[in-house]
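Q: These protein sequence lines map, in sequence, to chains U and C. Just so we're aligned: 237 in the numbering used here is position 237 of the first sequence, and the numbers increase by one with no gaps anywhere. Counting the second sequence from 1 gives a position; the numbering used here is that position plus 515.
You may find that some hints are simply not true.
[Stated by the list, open to error] Result set (SDA-like, lysine to any residue): computed pairs, CA atoms no more than 20 Å apart in a straight line:
no.: 1; chain 1: U; residue 1: Lys234; chain 2: U; residue 2: Lys40
no.: 2; chain 1: U; residue 1: Lys20; chain 2: C; residue 2: Val924
no.: 3; chain 1: C; residue 1: Lys560; chain 2: U; residue 2: Gly24
no.: 4; chain 1: U; residue 1: Lys40; chain 2: C; residue 2: Gly1017
no.: 5; chain 1: U; residue 1: Lys40; chain 2: C; residue 2: Asn880
These aren't lab readings, by the way, just hints derived from the structure by calculation.
There are 2 protein chains.
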Amino acid sequence: MKNSLGRMLPETVAGFGAVKPFAGAFATTPSGVRKAPRQKTVLPKANKLVDNLEEVFRRIPVRDGMTLSFHHHFRNGDGVVNQVLAVAAKLGLRDLTIALSSVFPVHAPMVELMKSGVVTGLDTDYMSGPVAEAVSQGVLAKPVIFRTHGGRARAIECGDLAVDVAFIAAPAADDYGNINGVQGETACGSLGYAFPDAEYAEVVVAVTDNLQPYPLHPISISQERVDYVVVVDKIGDPKGIVSGTTQITKDPVGLKIAANAAKVIQAAGLIRDGFSFQTGAGGASLATAHFVRKMMKAANVTGSFALGGITGYLVSMLEEGLFRNLIDVQGFDLEAIRSIRDNPRHLEVGAGMYASPFNAGCAVNKLDVVILGATEIDTAFNVNVVTGSDGKIMGGSGGHSDAAAGASVTIVVANLLRGRLPIIVDNVLTVTTPGETVDVLVTERGIAVNPLRPELKEKLVTAGLPVRDIAELKALAEKMAGAPKAPPQGEKIVALVEYRDGTIIDVVRQYKACE
Amino acid sequence: MKNSLGRMLPETVAGFGAVKPFAGAFATTPSGVRKAPRQKTVLPKANKLVDNLEEVFRRIPVRDGMTLSFHHHFRNGDGVVNQVLAVAAKLGLRDLTIALSSVFPVHAPMVELMKSGVVTGLDTDYMSGPVAEAVSQGVLAKPVIFRTHGGRARAIECGDLAVDVAFIAAPAADDYGNINGVQGETACGSLGYAFPDAEYAEVVVAVTDNLQPYPLHPISISQERVDYVVVVDKIGDPKGIVSGTTQITKDPVGLKIAANAAKVIQAAGLIRDGFSFQTGAGGASLATAHFVRKMMKAANVTGSFALGGITGYLVSMLEEGLFRNLIDVQGFDLEAIRSIRDNPRHLEVGAGMYASPFNAGCAVNKLDVVILGATEIDTAFNVNVVTGSDGKIMGGSGGHSDAAAGASVTIVVANLLRGRLPIIVDNVLTVTTPGETVDVLVTERGIAVNPLRPELKEKLVTAGLPVRDIAELKALAEKMAGAPKAPPQGEKIVALVEYRDGTIIDVVRQYKACE
């Protein structure tokens, strides 16, 4: 079966069921109802504090085949997933599915648990490091489900991702299960990705290293949904939150791309009061923010909000009054954590409010502009951020597809060559984000506008920007580096790439070394 | 059929269905799942602003027989219910059920709509004024459902009270449906009673007179659940929020009762760090807070939280450092509104977190003490706050039964005579709050302790408090005023009194004048 992008999909997948093919970014609409977890009751004087994780497992009880969920706000500093899975292994549990919003190198111990059958399913929005490597090599019998950040919230709220037990790393908690992410030595800022888990899991466990008197304040996740509170030595290392990519690039090529991306925004007429903006934590994305900031100051405009993973750079723009608000689903550095704790204009939101396509309206819908990266983009503007040039998994959508779908203008910034390989191809290996939601590609050698947006192209041409046809840019890159060859691939499907609406936009096949 | 308190109940009620008899305050546990409203989608650039209420009715569309819900934070200053129902009447709608968390004299126009068949059902936690009078007289064919504030949240979350359209009076809103109650000329403070409606109604309408730029901040109710935003001239009059009963009593008898209630708390050993407290807005309740405050200061203790409807008096205790936090589901005066807007220690919570018995733990469960009133109390400590001595409806539980069930020590304060009638009777006309959840009755002539709490009685006796048997106090009152006669009643059931767990604790029969 083919989806609307011509990608070959299996009709059903063992361990997943019937595949709904992607049919267009807004073609699939919801028809069902929200997940309905069991009602509960907790009597006065009942105690939710449990001595240790093992005891929590016994009380619930966690059984073979269950789905355990986790959030990734500690990124590569996460300390909860490994602790919980070590208990699962110790207790002899089998066949668990791990629904972890993103997987990092720190989660390497999961590979052994996959080999031994403790973990047989993985549901995530992004992965890098040893787990990604092992999945690419085919360690799991069942394909991994890749979702978007908004799609994960949708899948949990709509019951497609049914979570049995949510383990929530809680930088601060009280004994009745109120949680926030902003207090204590392991503060991580927003807990937004854990909101759907807390609301819809059948059982919710707060795992904290910072027990506070009742009532905790502020409250990000409420006692109404938390069944157990367990205190551990350490839930994570906040240093691991900060990625090396949260600094503005110093590379002159990257700066040129960023400057041009900012000019695109200006030419589109968006540097105006009420401007809203999302940018990732990549160096070129942040550099774009840098140029946008200069333009906003020069034009004396006040933006409405910046959205997404929040960096110190966006915090400084808030503090300068360039944005009225930050809308924060995840902090990318310690400045973001300080700001969300202290500044009432810095709003914590859940993943559903951030980006779920199936509620009464998410924040990405209100975006003027999003700046995104790409590992590959094709001449139909489809973007791959899941697999690398060797065909191995090295990322995932995260909020990529969500923000692209929501924003009025979606700009991909990328060097024409990635390593020594052209970034523009005829067909990306793995479609993450459909081309119909991508408006502009900015490279150091020119700017390509999606033919679906002729009015935007005209504005950029009028502004004197170096607009080229995407095929022309592709030819230019191939002249420098030759046409890239698609990597060899095995037959086995190791991952399904789900679009935010629950349809399958592509699959990832097992890694196969070049012969 | 009789329930566990011996109250005669019908097995089924037309328009309500099978009656589940009350079986004890904690005897009925949940067995089902939460309400699952329809999934939705809202595309980027979609507009939620609608010109007027009539247009909202057409877009939804509101149909005959639907349940429309409203919150009562404006109390007797509410301006939304009457506006919305006027539109319903104009459009010729019939057979609507109004789920309004409390009904006040300002809602008098509803009586005509009941007579004309526009409104045929009422679901509420409290009512006073012309609607209560008309219901007592039998204006509706179907009985009114009286719930508790926590029980209403439970009923909505569990789907027993299925709301088709929630109209939320929004003191501030943006064009995408984010709402708060703390900004603008009609700020009312906490919007807690509207939280379940917003979360579980099939359609949610924000009705505002203060449209703010996107994104609104703070956000109390999120855009994720709000379908339409409509701007009207005025949503209410904040002056109507303040009731005449939010001042400390000056009556020497009332002060004596209050002083003794405070002594009960002290004798119970609860004036200690971490003390938690709820008191209503009645004069004697507030006077109790006054004496408790003195004791807390003298003992140099810091309480954890005060809960409930929040008054300026509790705000001053927060500001003095006597409580670390206020947990606020409803503001009772302008000081409460100021405080919840400006003080991060003053927490806004929904009705479910406040008091629902069927979630993972509500705030009333963490109460040390609650001070409550009564229109009648019987020798088994059952309390009536629904009907007056003439048998007419003049109130309702509100949070009465919830706080009584949750608190470690529940104290009812009351004059031995109400008007000229003894307050203690053999059997209250209408049981609102079961005696097993009421621990102490404090009157000006003595203190009675529920025989279920011998250890508490011993503490009070040891402290030298004037402890009497409740039968003794009853006899004392009857000696002064004679034994009260139960008022005559009609046959027709005009209201079902639902306990917080969804069982029926009593019924109210039609008013019948004395012959």
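Q: Looking back at the hints listed earlier, which ones does the structure fail to meet?
A: Per hint list: 1, 2 violated.
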